[in-house]
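> Chains B and V are the protein sequences, given in the same order. Here numbering that gives the first Met the number 0 is used: the first residue of the first sequence is 0, the next is one more, and so on. Here numbering that gives the first Met the number 0 is used: the first residue of the second sequence is 0, the next is one more, and so on.
Since the hints were derived computationally from the structure, they do not count as laboratory data. Incorrect hints may appear among the rest.
Stated by the list, open to error - Straight-line C-alpha distance at most 20 Å; calculated SDA-like pairs for lysine to any residue:
hint: 1; chain 1: V; residue 1: K195; chain 2: B; residue 2: T14
hint: 2; chain 1: V; residue 1: K104; chain 2: B; residue 2: T14
hint: 3; chain 1: V; residue 1: K195; chain 2: B; residue 2: L191
As the list claims (entries may be wrong) - Chain V regions said to be covered by chain B (calculated; three or more residues, Cβ under 8 Å):
hint: 4; region: 20-27
hint: 5; region: 133-140
hint: 6; region: 192-202
hint: 7; region: 219-233
hint: 8; region: 251-261
Ideal Cβ positions, reconstructed from N, Cα and C, are used throughout, including at glycine.
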Amino acid sequence: MKKTKKMTRRQKNETRTAWIMMTPALILLSLITVYPIVRTFWLSFHEMNLKHPNTGYPFIGLANYAKIFTDSRATSDIIFTLEFTLITVVLEMIIGFAAALIMNYGFRGRGLVRAAVLIPWAIPTSVSAMMWKFIYNDQYGMFNDILYRLHIISKYQAWLSTNSGSFMALVITDVWKTSPYMALLILAGLQLIPSEIYESARIDGANVLQRFTYMTLPLVKRSLLVALLFRTLDAFRVFDLISVMTGGANGTESMAVYAYKQMMNFLNFGYGSTLAVMIFVIIFIISLIYLSFIGGSLSVQED
Amino acid sequence: MRKLNWKKFLGKLLFGVFVISFIILLLLPFIWQFLTSIKPLDEIAEIPAKWIPSKINIQFYINVFTKHKFGHYLINSAIVSIISTIISIMVGASAAYALARLHFKGNRVMLMVILGISMFPTIATLSPLYLFLKNLKLLNTYAGLIIPYITFALPMSIWLMANFFSQMPRDFEEAAEIDGCNRGQIFMKIMLPLIKPATFSVGLLVFINCWNEYLYAISFMTKDEMRTVPVGIALFATNYQLPWGDIAAATIVATIPLIVLVLIFQNKIVAGLTTGGVKG
């Protein structure tokens, strides 16, 4: 479609329809999210500690941001959050993809398998975190019990009292809980591939591996990347899981947990908001990387 | 006469074994939780961990509904989640279609802005939102949770549905336009039904997100009878101990509706564009 400077009447109509269709969403988004976001940015440039109300909450420019670089707790939190995000997302992608392929394949009892796979994700995070905390218990937890019976460990371990143990515990719980979510998103993408093309490929003599590599992968790439994008954003913002399971102890404090503590425990809204903005900035950078892969042609396709 | 194809049989057997062990591994914590919920109280903290209870104890399930207003929690969660899901799908699909299919300036910018909004950590939005709802007298009301839930479901729903819309072949729309339909009719009668499998997937995701949401639910609903399920369970803890038995029973009760939902809807998330829509 050639783009000319003057819009044709058809284009004008489409533009108007488009805006009408988007209006409800836009209203909700501006009211409920844009206002708090703007306020948080604004707060991050101020010194605002509710314990010292008589300072008048002065504007201090970028001082809070400079503070982050000297705050060793903040930097180690950033590193931890990045490590956690990377490992969980990679594992969830692999497991989720495998599960999606299985669920997509027609076999008896498929419905039950799908329902079963979704259960871990269906349980509220705070509840699963508590459940797993009990499982990792050093005295009567299921984790110790099974590993001991399989002779993988010689005695019960206190998993949640070491840095590496806690990290592993968090990763396992998150992967357990979130792989179904990835699986569902990837499954939806797989469902979009018409089965006829597999038929013709099979007739042409392509085997399973070829069909997967040259047909499934490229066609599901976009859905996979969108799923990965959202999952990475969520992983970086991890809060419920850590708050309930470790409280941020033993080197497992995520950025979000630190920001929450600054705001709610220390009542330091200025610095807490700065941390929140940092989370946003890092997530933004990650998204840009992803988007360069998706190619930005999510909108109108030129055939 | 059909010869038994050993290779194929073995392949299917291995596949079956793999799937079953995967499922068992996945459900193990849940099974453990279920067993805990029916154990007699003294067997929960036994060392070494005891798997099969010596007798079935339903006291925890009774506690869940008598010591706490769990029936209320279930109803509240159901109302909030169902309404939020339906409205976000409608609002989201409408916006997604516009973004994916209609030509207009600022198309890509809008998508990026919507994505940008969703990148903000929710803890930061808590206090401004609380004050906002308080001023509108929406605290402790269903609307007070529904409106934020819809809003937070929108970016992901819009992106996912825009993705699905953009992968649809244009033939259907072109055929409809030739037949004289306007954009609205094309949207409602053709495009929406076409991405039904995807819509149900997105709907299920949104529903579960709403059902499990914790931060806003605990902040905006302070009256006990208005609470939702995750908050209700978390607050079982008393000052002295965590009643693992009650928590386990409540977890099972809270998860059953979701399992039922998934079982019912999983066949709508089914493969297949209707062939014959264009060729036939």
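> Please go over all the hints and tell whether each is borne out by the structure.
So, going through the hints one by one against the coordinates:
no.: 1; hint: K195(V) with T14(B); in the structure: violated (26 Å)
no.: 2; hint: K104(V) with T14(B); in the structure: holds (8 Å)
no.: 3; hint: K195(V) with L191(B); in the structure: holds (11 Å)
no.: 4; hint: 20-27; in the structure: holds (count 5)
no.: 5; hint: 133-140; in the structure: violated (count 0)
no.: 6; hint: 192-202; in the structure: holds (count 4)
no.: 7; hint: 219-233; in the structure: holds (count 4)
no.: 8; hint: 251-261; in the structure: holds (count 5)
Violated hints, in rising order: 1 and 5; the structure is consistent with all others.
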